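Just so you know, the sequences run in chain order A and B. Read in order, the letters of the first sequence correspond to residues 1 to 466 in our numbering. Read in order, the letters of the second sequence correspond to residues 1 to 397 in our numbering.
Hints listed in this document are in silico derivations from the structure and should not be mistaken for laboratory results. All of these numbers come straight from a predicted model, not from anything done at the bench. Using N, Cα and C, we set each Cβ at its ideal position, and we do this for glycine too. Treat the hints with care, since some could be wrong.
[What the hints assert, rightly or not] BS3-like mimics (lysine-lysine), calculated; alpha carbons at most 30 Å apart, straight line: (1) 134/A x 297/B; (2) 95/B x 189/B; (3) 347/A x 50/B; (4) 189/B x 347/A; (5) 83/B x 84/A; (6) 413/A x 242/A; (7) 349/A x 297/B; (8) 330/B x 347/A; (9) 303/B x 318/B; (10) 89/A x 189/B; (11) 347/A x 22/B; (12) 163/A x 117/A; (13) 252/A x 140/A.
[Said to hold, decoys possible] Here are some chain A residues the structure puts well away from chain B; computed CB gaps all over 12 Å: (14) 50; (15) 104; (16) 348.
So the chains spell out like this:
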Amino acid sequence: MAGSRIKLELSRVVQGESRLGVLKGLGRTGQHCLEVPGCLLYSHLGTVPHLTQDTLHTLKNIPAVTQVTLSSVAEHQEVLQEFKGGFKKFAGLHDTVVYCSLHDPAALCPPGYTTNKTVSVWGSGGRIELTVAKFMAIQKTIQPDWYQSMADGETWQSNTSRKRLRKSVDRTLAHLDECLTIHQNSQDLQGVEVFGVVEGGDILEERARSARETAKRPVAGFCLDGFQTGSMDQTLRTQLIKAIAKELPEDKPRLLQGVGRPDEVLACVEAGVDLFEGFFPFQVTERGCALSFSFDISLDPERAGRAPPAVLELNDDETCRAGEGQPNGEVTDGDQTQMTSFEINLKDKRYHDDFRPLVEGCGCYCCVNHQRAYLHHLLVTNELLAGVLLMIHNTAHYIGFFSTLREALANDKLDLLKRRQVILIATSFSVTVTPDGFESAALSHLGMESKHPRVKINMTLIWLQE
Amino acid sequence: LQHRALPGTLSADNLAECPVTKARACDLILPHSAVSTPVFMPVGTQGTLKGITVDQLDGLGCQICLGNTYHLGMRPGPDLIEKANGLHGFMNWKKNLLTDSGGFQMVSLVELSEVNEEGVKFKSPYDGKEILLSPEKSISIQNSLGSDIMMQLDDVVSSTVTGPRVEEAMHRSIRWLDRCIAANKNPDKQNLFAIIQGGLNADLRKACLDEMTQRNVPGFAIGGLSGGEEKDDFWRMVTLSTDHLPREKPRYLMGVGYAVDLVVCVALGCDMFDCVFPTRTARFGSALVPWGSLQVKHKQYAKDFQPIDPDCPCPTCKRHSRAYLHALFKSDTSAMHHITIHNIAYQLTLMRSVRQSIVDGRFPEFIRSFMKQMFPSPDQYPSWAVDALASVNVTLE
C-alpha cells in the first residue's frame, strides 16, 4: 500500500485548521476527484433513495463518490460472489467512485453486539456478524474503490466508560492491522484504498492515541467515528476533532461520520474535517421537509457592517416561525429525526396554495417544474412522488451549500456564512437571557433585536464569538 | 386517409382499419397533443403517476394519462387546482389528460356511498363529511381540472349485480349524460365522453347505445365492465357495443389493461384503454413481459443477472438486472419506480406494436404471434379469447 494513489492537494489552510483543496486520484484508474470540504453521495445499496439514474442525473455537480454501506450490501455477499464483476457493475451505477462504509449514518445500530473479534451490521433480514475475515471477504466481492477498515464504534452513547473507550481504540487498531494484512495479500483488492478509523469516544487522550496510532499505518485517509449528531455537543466535538487533527498528517483526508447538519458541518470544517457523509438531505426528505436555508454570501458590500443583511433576507417563512411555537423548537443535538431550522415543513397547511418553488432561484428539477402547493398535496395524499422530488431538491440544495462553503473558504467569507447560520437558528426559536448578558451582547453585536422576552444560550453563538 | 371534424375539439385522422377484424388505428387530435390509437392510458389518480416524474412519463412516449375527479375533488379540491392553471398546470403535464367522473368510486367505495336521482352521496373518509357528487358537480370539477377528455357521471353498478337495479342505472346514466352535456362550461376546450351502461344484458346495452348515440358527443366509453364478471360475458358486451358505436368516433373501454384483454379488445373495435393494474402490480414487484409476468421479489431472481426483458429498451432494462432489482426491493422504495417505468414501457410498446401491425395490414398475424409468446401452448389459450377472436375472423391454432 506504499504510495496510495489518493492525493489531497490543499490550496488553502485557513487559520491553521480549515482546509480547502481537491482529493485526487480517486477510482481504479485514478481519474476522479472530489473537492473538499465536500460530501459523499448517500445511497441505499448504491441507489440514491427514491431516485433512478434518470432522476438522479437531473442534478448538476453530483458528488463524485457514492457511499455504499455494509449494512445494505453484506446480506448480498453470495450474490456478488457469483456475479464476480464487483458492486458497481452489479448495481448498474453510473461512472462513480464507490466508498464502502461499515454503517448507515441514517440508521443507528442497537448497541451491545460488538465483541473483541466482531462487529455487527443490520441488513433487511436481521443482524449479520462480521469478523475481519468475513469483512474482507465481502470487500473482495464488492470491489469498492475505497473502504473504511472494520471498527468498533459503539461509543456514541453518552457515559461510555473509559475502559470501554480504550477497548474501542485497541480493537479498532487490531482490526485495522488485520484488514491491512489481508488487503496487502489480496490480488482482488489491488488498487483499492483503505481508510483507518479514529475512535475514543469523548476522551481526549484516547482520541489522540487512536489518531496517532492509526496515522502510523499505511492508510490513505481517516474516518472519524463516534461523533454522530446526538452523541455530544458541538463544542466538545470541535475540541476533540482539533486534537485528532494535530496527530494526523496534513496531506491525508479526514472523513467525519454521522454529522450532516449544516451548522455542525461548518463547525467541523473549521476544526479540520474534509469530508462528510451526505445523508442529511435524505433525513430531511423522510420527514416531508425541504431544505430552504439561505447560504448566499454574495452580499452587497454597501450593506456589510450595518444591520445584518442576513436578517433582511430571511424569507417570511423563517420570521413567521419565530412567532409561532414550533413543536420541537430547540436546536438540540438530539434526535436526528427532528426537524431543523434549515428546512420548511411542506405538510403545513400554509403551503396549500403557495405557488412558489421550494426555494426561489434553485435550479433543481423540482424547483424548475413544481410548486410548494403541489409538494404539499403529494405529502398530504402520501404520494410516492413527494419523496422523489424532495430528494432531488434537498440533494441539490445540500450540494450547493458545500459549493458555497468552499467558495467562502477560498474568498475569506466564512464568517458571512456562519453569521447566516447563526441568525437563522437564533431567530427561529425563543432564546433566554443568562445572568451575564453575554448572549444579548452577542445578539446586539449582530444588530439583531430580540423578538422574545427571554434570551437563551445557543451553542452556535459561542463558537462564533471565539 | 380521411380527416373528420367532430363536435368539441377532438378530431380523428383515420389511418387504418383492419380488413379482417374490427380493429382501427388513428390519430386523435386533442388540445394538448396528438394521441395515436390504439392507446393505453396510465392512471395518475391523484395528479401524479405513483413515483414517476412527468419527464419520465413523457420520455416513455406517453401522450395521455388519467386523473380522478373524486380524489382530486376531495384533495386538493377544484378551486385550488383552478388557481394552479388546471390539472395540467398543477402537475406540470404538458400532454393530454383524461379525467374520470367519480362514477367508478360508487362501486369501489360502495360502503361510503348512496345513489339517487340527484347524484351520489359520499361520506368522506378523511373528515366524515358528506358530499354530493351530482352530474353538475362532477362536470364543474372536471371543468376546473381542465382535462382534455372528461367523462360523464354515470350510475355505475357492479357487473356482478343483476336485476332491476341494472336497468335503473342504465336509464339514469342517459339522463345524467344530458345533465352533464348541459353543465359543461367548456365544450370547445374539453371533450365530454358518454359512457354506455347496461351491465351484461344485451337488450339493456342496446337500448343504451341507441339513446346515447343520438347525443352529439365526441366519443364513447364502454362502461360497467371489467369488474369481475365472466370473461365470456365481458367480450360479448364489448363487441355488441362496438357494433353499434359510430365508426368515426373513438371507443374507450374503461378499466381494461391486461395484455391479452387489450389485444382482443382492439380486435373487437376498441381504441382507448386505462387500468391501474400495470402500475399497481409494479409496486408489488411484478414486472410485465411478453410471456407473462416476473415476480422480481421471488428468491429465484436473486442471482439472475439478466434484465427483466433483454429485448426491452426501457431505462430499467437498459441498466439493471433482475438480481439488482430483487436486492433493491429490500433497501429502497426506488425499486418500485424501476418496475413501474418498465411496466408502463411494456404497455405502451405493446400498443405501439398493435397499432403498427394494423397500419401495416398484418394485425391477425400479430395476434397469433402475440398469443404464442404469451402462452406455453395453444391448449392454454383462454377459451374466451379464442371465441372472441374467432368472432372477428381470427382463428388461433
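Results for each hint:
{"no.": "1", "hint": "134/A x 297/B", "result": "26 Å, holds"}
{"no.": "2", "hint": "95/B x 189/B", "result": "14 Å, holds"}
{"no.": "3", "hint": "347/A x 50/B", "result": "18 Å, holds"}
{"no.": "4", "hint": "189/B x 347/A", "result": "34 Å, violated"}
{"no.": "5", "hint": "83/B x 84/A", "result": "55 Å, violated"}
{"no.": "6", "hint": "413/A x 242/A", "result": "21 Å, holds"}
{"no.": "7", "hint": "349/A x 297/B", "result": "38 Å, violated"}
{"no.": "8", "hint": "330/B x 347/A", "result": "27 Å, holds"}
{"no.": "9", "hint": "303/B x 318/B", "result": "18 Å, holds"}
{"no.": "10", "hint": "89/A x 189/B", "result": "50 Å, violated"}
{"no.": "11", "hint": "347/A x 22/B", "result": "50 Å, violated"}
{"no.": "12", "hint": "163/A x 117/A", "result": "17 Å, holds"}
{"no.": "13", "hint": "252/A x 140/A", "result": "24 Å, holds"}
{"no.": "14", "hint": "50", "result": "6 Å, violated"}
{"no.": "15", "hint": "104", "result": "10 Å, violated"}
{"no.": "16", "hint": "348", "result": "14 Å, holds"}
Of the numbered hints stated above, those contradicted by the structure are hints 4, 5, 7, 10, 11, 14 and 15, listed in ascending order.
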